[in-house]
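Colleague: My request is simple: use the sequences and hints to build the entire structure.
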Amino acid sequence: METKHRVTQQSSRSGYLPTNGNGNGYAPVASYDDETGTAEEVVEEVAGASEASEATDYGAGATAEATTVDDATGHRPISSPVSRSTSASGENGMSDESAAETDTESTYESVEGWQESQSTEADAETEPVIEASYADVESTGNEEFFGILAGILLPLAKAVLPTLAGAAVKQGGKLVKSIVRGKKPRLSPAILQMLRQQGVNPLIIKQLELGEESDGEAMDSESDATDETSVEALAQQIEALEVVIGADDRVQVQNTTAVPWKRICHLRIQAANGKLYLGTGFFIGPRTILTAGHCVYIHGQGGWPRQIVVTPGRNAASTPFNPITATAFRSVQGWVNGKSRNYDYGVIQLPKNASVSPSIGSFGFGQFPDQFLLDKRLNTAGYPGDKPAGTMWFNGRKAKAVTSRTITYDLDTAGGQSGSPVWFKDPAGRRVVVGIHTNGASSGNSATRITKPVFDNLKKWRNEGSSMA
Amino acid sequence: MGAIRGIVRDTREKALADVTLVIMAGPPHPDLGAVTDASGKFEFGSLQPGRYVIKAYGPVESDDLPVRVQAQQTAYVEIWLEAALPTPKEDFIDGSNYVGEENYFGEENYFGEEGSQ
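The listed protein sequences correspond, in order, to chains C and D.
Last residue of the first sequence: 468 in numbering that gives the first Met the number 0, with the numbers rising by one and none dropped.
Last residue of the second sequence: 116 in numbering that gives the first Met the number 0, with the numbers rising by one and none dropped.
Among the hints, erroneous ones may be present.
Here are the simulated lysine-lysine pairs, BS3-like style, with alpha carbons at most 30 Å apart [stated by the list, open to error]:
| hint | chain 1 | residue 1 | chain 2 | residue 2 |
| --- | --- | --- | --- | --- |
| 1 | C | Lys386 | D | Lys40 |
| 2 | C | Lys386 | C | Lys458 |
| 3 | D | Lys13 | C | Lys386 |
What the simulated footprint calls covered on chain C by chain D, stretch by stretch (three residues with Cβ under 8 Å from a Cβ of chain D suffice, anywhere in the stretch; the number is not a length) [as the list claims (entries may be wrong)]:
| hint | region |
| --- | --- |
| 4 | 293-306 |
| 5 | 437-447 |
These are computed hints drawn from the structure, not numbers from a lab.
Beta carbons: idealized from backbone N, C-alpha and C, even for Gly.
Modeller: This is the structure we're talking about:
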């Protein structure tokens, strides 16, 4: 296999298209304090029994965004122009069908091939990181495009630091043929010292030193020409990528017709401007698919999509349930107008005339205190674009951090998993979604957290879908 | 914010549709997968400035493709995917359990037809 690519930079047409949707004028919802309340209370809330209204604190810990959105308007629902009537009908939502699941594991999903040991956080952060990375070094490459920095560091960059390779490519030329070198990494003591000064993990430095010693060759004289800026970039990249260069511990879900997998949907999104995207969603009601806000309102691509094809439980070419084309979407002002990551959630309402199997059921969902979330093992599954087309992949791990509106974790995800459920399993075996996966990042992937305002909107939308069933 | 736009072709310059593009690393970004349209084009919009690594998944996978996104700039990426040639079948055969093909039998290893007269 051979790849060529060329990268150029040009000024973009800046700005975003105006919102196409119109607000429905819901009043601001009740606020809450997520540090209070017992697990039992919130479990009750999942079933719609608790409606406690408590104090709020949304200011701290919010993920930075250029646009500031206050909560009074941020969670105000907004619909796509083609939406139907949004009259909600009381509290006649679906029961939590997952409660009927017979899986005996109390807090963790059971997937063929998944090992509990894979879920330990230490996996991604301990020493074998370097060994695993070096194992990827390919052999025998003849193409040389790079400047001095690349000549020295590229073998390492190819194996450990994909983004550093980017810097090397830009130094070297426009047209790039596959970037492969066979030699072991060799770094001069001067470079290693600079990396130390940059605060790179000592374990990584040690590995680099060992790599040099085992090579047994003198350093190329040109290596000394490496400037501090380049080394600083290398240091930053090493630190940034530490969490993602561990083993890929995702497991493919083979039986996508079982609970809960059949409730997870492959999304093929056609934006308003015709561009195509992949995402994931999941049932929270008979006709309501919860997903990321950026799946139902794509900034810069015309806003509300032209259509989304929803395929529950897709497994490669197999579609155990009918794919359904949807054109009615919901999100909130904070995402549509404010473009704030903290409000990145929305739903797809399946058409009334679409045949949706009632056997699919839906996920429960709820809002929980910080420590409760940190203590739970979280699960996610969706349709990553780096795996065979249309295959579902699962991963589980504890959360790394929570803010008032987000959950950050080292769950392995990839493009296409936007909108995946992030859930835990309670002792009764019920799956309860606590977040909607939205963002990838080298520093940690993250979900929009289900807070009280989010919870209230989801209930409204679920009931809206139920009323059309 | 910036963006990455691009086009995916095969090595005969034919646009490739339905190739999935994934951001493999970079600053926080929406975890959407981009898919090439009939003209082979794709786009990642609303990206924070920074160094990204994208990868194409079509008939074959691309290498990791580093792209730097700058504020209010669009990085244009052209990708050519070349299908891997089929691996040549090995002709070597271990002789220990193999009797080679023969086209002619000499006298020393030929037994003539026999039958009762």
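Colleague: In ascending order, which of the hints set out earlier in this document are inconsistent with the structure?
Modeller: Number 2 - this is the single hint that the structure violates.
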